[in-house]
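For the protein sequence lines, the chains are A and B, in the order given.
Residue 209 in my numbering sits at position 209 of the first sequence, and the numbers go up by one each step.
Residue 249 in my numbering sits at position 249 of the second sequence, and the numbers go up by one each step.
Hints should not be assumed to be uniformly reliable.
Residues from chain A shown here face chain B by an in silico Cβ test under 7 Å; the list is partial [stated by the list, open to error]:
1) 152
2) 154
3) 156
4) 243
5) 306
6) 325
7) 330
8) 332
9) 350
Computed footprint of chain A on chain B, listed as stretches where at least three residues anywhere in the stretch have a Cβ under 8 Å from a Cβ of chain A [claimed, not checked]:
10) 227-234
11) 329-341
Hints in this document: simulated from the structure, not taken from any laboratory.
From a predicted model like this one, the values you see are computed outputs, not experimental measurements.
All residues carry an ideal CB built from backbone N, CA and C; glycine is no exception.
There are 2 protein chains.
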Amino acid sequence: MCGGIGSRFWPYSRTDKPKQFIDFFGTGRSLLQMTYDRMVRLVPADHILVVTNERYEQLVKEQLPDVKPENILSEPDRRNTAPCIAWAAYHIGALDPEASIIVTPSDHLIMREAAFEECVERGFDFIDSHDALLTIGITPTRPETGYGYIQIGDEVSPGFMKVKTFTEKPDLELARVFVDTGEFFWNAGIFLWKVDTIKRALAKYLPDLDGIFCSGADKFGTSCEKEFIDCTFPSAPSISIDFGVMEKADNVYVECADLGWSDLGTWSSLYEISPKNIAGNVTQKCNVMAYDSSGNIFMAPDGKLVVVSGLKDFIVADAGDVLLICPKGEEQRIRQMVNEVNQRFDDKFM
Amino acid sequence: MCGGIGSRFWPYSRTDKPKQFIDFFGTGRSLLQMTYDRMVRLVPADHILVVTNERYEQLVKEQLPDVKPENILSEPDRRNTAPCIAWAAYHIGALDPEASIIVTPSDHLIMREAAFEECVERGFDFIDSHDALLTIGITPTRPETGYGYIQIGDEVSPGFMKVKTFTEKPDLELARVFVDTGEFFWNAGIFLWKVDTIKRALAKYLPDLDGIFCSGADKFGTSCEKEFIDCTFPSAPSISIDFGVMEKADNVYVECADLGWSDLGTWSSLYEISPKNIAGNVTQKCNVMAYDSSGNIFMAPDGKLVVVSGLKDFIVADAGDVLLICPKGEEQRIRQMVNEVNQRFDDKFM
Numbered sequence: 001m002c003g004g005i006g007s008r009f010w011p012y013s014r015t016d017k018p019k020q021f022i023d024f025f026g027t028g029r030s031l032l033q034m035t036y037d038r039m040v041r042l043v044p045a046d047h048i049l050v051v052t053n054e055r056y057e058q059l060v061k062e063q064l065p066d067v068k069p070e071n072i073l074s075e076p077d078r079r080n081t082a083p084c085i086a087w088a089a090y091h092i093g094a095l096d097p098e099a100s101i102i103v104t105p106s107d108h109l110i111m112r113e114a115a116f117e118e119c120v121e122r123g124f125d126f127i128d129s130h131d132a133l134l135t136i137g138i139t140p141t142r143p144e145t146g147y148g149y150i151q152i153g154d155e156v157s158p159g160f161m162k163v164k165t166f167t168e169k170p171d172l173e174l175a176r177v178f179v180d181t182g183e184f185f186w187n188a189g190i191f192l193w194k195v196d197t198i199k200r201a202l203a204k205y206l207p208d209l210d211g212i213f214c215s216g217a218d219k220f221g222t223s224c225e226k227e228f229i230d231c232t233f234p235s236a237p238s239i240s241i242d243f244g245v246m247e248k249a250d251n252v253y254v255e256c257a258d259l260g261w262s263d264l265g266t267w268s269s270l271y272e273i274s275p276k277n278i279a280g281n282v283t284q285k286c287n288v289m290a291y292d293s294s295g296n297i298f299m300a301p302d303g304k305l306v307v308v309s310g311l312k313d314f315i316v317a318d319a320g321d322v323l324l325i326c327p328k329g330e331e332q333r334i335r336q337m338v339n340e341v342n343q344r345f346d347d348k349f350m
Numbered sequence: 001m002c003g004g005i006g007s008r009f010w011p012y013s014r015t016d017k018p019k020q021f022i023d024f025f026g027t028g029r030s031l032l033q034m035t036y037d038r039m040v041r042l043v044p045a046d047h048i049l050v051v052t053n054e055r056y057e058q059l060v061k062e063q064l065p066d067v068k069p070e071n072i073l074s075e076p077d078r079r080n081t082a083p084c085i086a087w088a089a090y091h092i093g094a095l096d097p098e099a100s101i102i103v104t105p106s107d108h109l110i111m112r113e114a115a116f117e118e119c120v121e122r123g124f125d126f127i128d129s130h131d132a133l134l135t136i137g138i139t140p141t142r143p144e145t146g147y148g149y150i151q152i153g154d155e156v157s158p159g160f161m162k163v164k165t166f167t168e169k170p171d172l173e174l175a176r177v178f179v180d181t182g183e184f185f186w187n188a189g190i191f192l193w194k195v196d197t198i199k200r201a202l203a204k205y206l207p208d209l210d211g212i213f214c215s216g217a218d219k220f221g222t223s224c225e226k227e228f229i230d231c232t233f234p235s236a237p238s239i240s241i242d243f244g245v246m247e248k249a250d251n252v253y254v255e256c257a258d259l260g261w262s263d264l265g266t267w268s269s270l271y272e273i274s275p276k277n278i279a280g281n282v283t284q285k286c287n288v289m290a291y292d293s294s295g296n297i298f299m300a301p302d303g304k305l306v307v308v309s310g311l312k313d314f315i316v317a318d319a320g321d322v323l324l325i326c327p328k329g330e331e332q333r334i335r336q337m338v339n340e341v342n343q344r345f346d347d348k349f350m
């Protein structure tokens, strides 16, 4: 899944080059490329599909030259994750009705790759033998209020639990309780299922959405597929797979693992997972000389020198044409700022 | 006088283009050019001399194409103001021993130009009739701790007072007393004198320095002048005219005026004299959207968007390859930071 716009990472994440296409860590690989690198060890290269927005098709081709053009599914419109997943399920189903699918965001970080591989392999085994919608639960390492949590129920097989509830993002007090009980895991938005299982769930819980794809069932995998999608996709309800299916279905299971995972949803989450210097500052790419400054994250163009004094717990993100300076604790306001910048300058800084 | 390096305005003021060459206000004219514009209304254009460092000779020529090359005195070394002023006095004396001279920094701001013109014209009249070293005292508008003060003595002619003392930069408490008494004025570093008066003062109070120039008296105004300067100037003592002459001489007078003057010596002084928006923020050139932010000064490349939240009383100076974020109250540390940057990156960001 590669169609998001990542507005919380503005001004680095921009409409014409969102977060998943950015090399956040200066390693030479974008988050999308890192996701591809991770998946190609688990799945044959020509079985990897990228569902993205039309406007990013060219970027995907540039960043993932090994992905064949026919494996890039370009959405004509942004409709959240359920239509994206439905399309992929119908497309894959047309190629192989028995296929197992893993669905993953392209803009998350997983640092423990070996653990991830083992987890996914075990997950594929599980869905081979269970009619399951399987999600990956991440062992929480802190009372994070920015994530949804999964409460686990009975263990049905070693390491696999029935999901009791999905929760919205909790407040800090509740998040602490969640972590202390040991019953709650972060919802990573990574799913495994068989084609048949997800199609039945879509038909049951999102019949309107499923109806659209079902009506073109003979077109998937053919030269008519794209035209069909262009005509019908924009009328699909905009809804997430979590809200539309996972929270409603009764065959939802979770495999819990400690993967060094972060959704990199916010500057603070990037701060959390990044190595810090002795003053607790995180530096991405740029040179920083910090005086009386701690708990900050600095990001600036390659080679730029940032000299700061007296700054505590701030995000300093210099994207060349835009400089953002914002307390880490206020970053939920970045979305609002982006909206106001958009109103005032049209698309100039988007 | 145009040879300074303006390190307190780093990262805008740089070794290869110091403060006086910068268009701080986005008006299309640098501080040097604004100084020229001010002087050319008072002095015939071909009587204006620019004393600068060799390395800035080309910049001066570019910014002041109307100044003839022979009117640019290029110092081979930085030796503070006394040698600069001595050279100019000997140079002018060779052309016209009866000349009156006004000496002015090229990196200050004067906003009340009509008052300045009137002040200078009255000053020239005064030194025509008095054997005086005349300095301009600025009516203080606040208890500024960054300036030297002049204490006035007896009035010798309307508007002209004997100088009682020059003071070093006071602490805040003392500065408040200074302002309250009405006896203290800011030392603007603008001087008026006759050639003969300053030469006698140099001979009396800085005999070593004067001896150097005196030894080449026949060379000034000839084709041998520059070679003589290149040989001897570097051996001149590095000393300011204030410390070397003005604080010691007994024929020092002051003309006090309210000129809308600022030495623009610091970011804070730029903040003080600049128009502020309702939140008390000053914006130079760039677009700024400020949330919960007040008392800041923002400077960034033309057209750059700066979005800030939760910043109080800071300098934010983005010079393209360097970003400085520093509390206004800490800016005396900028010099130290510049030194450390210099040590760490050689001349790269100087």
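Checked hints:
Taken as an interface hint, residue 152(A) does not check out: its beta carbon lies about 38 Å from the nearest beta carbon of chain B, beyond 7 Å. The criterion of a C-beta within 7 Å of any C-beta in chain B is not met by residue 154(A), whose closest approach is roughly 46 Å, and the hint is violated. Because the smallest distance between the Cβ of residue 156(A) and any Cβ of chain B comes to about 47 Å, over 7 Å, the interface hint for this residue is violated. Interface restraint check for residue 243(A): the shortest CB-CB distance to chain B comes to about 31 Å, outside 7 Å, so the restraint is violated.
With 7 Å as the threshold, the beta carbon of residue 306(A) comes within range of chain B, its nearest partner Cβ sitting at about 5 Å, so the hint holds. The interface hint given for residue 325(A) holds, since its Cβ lies 4 Å from the closest Cβ of chain B, which is under the 7 Å cut-off. Annotation: residue 330(A) was flagged as interfacial toward chain B, and the flag holds, the nearest CB pair being 5 Å apart, inside 7 Å. For residue 332(A), the interface hint is violated, the least distance from its beta-carbon to any beta-carbon of chain B being 11 Å, above 7 Å.
A least Cβ separation of about 11 Å between residue 350(A) and chain B goes past the 7 Å threshold, and the interface hint is therefore violated. Counting residues of the segment 227-234 of chain B whose beta-carbon sits less than 8 Å from any beta-carbon of chain A gives 0, not enough to reach three: the coverage restraint is violated. For the segment 329-341 of chain B, the stated coverage by chain A is satisfied: 5 residues place a CB nearer than 8 Å to a CB of that chain, which reaches the threshold of 3.
In this structure, the earlier hints numbered 1, 2, 3, 4, 8, 9, 10 are contradicted, and the remaining ones agree with it.
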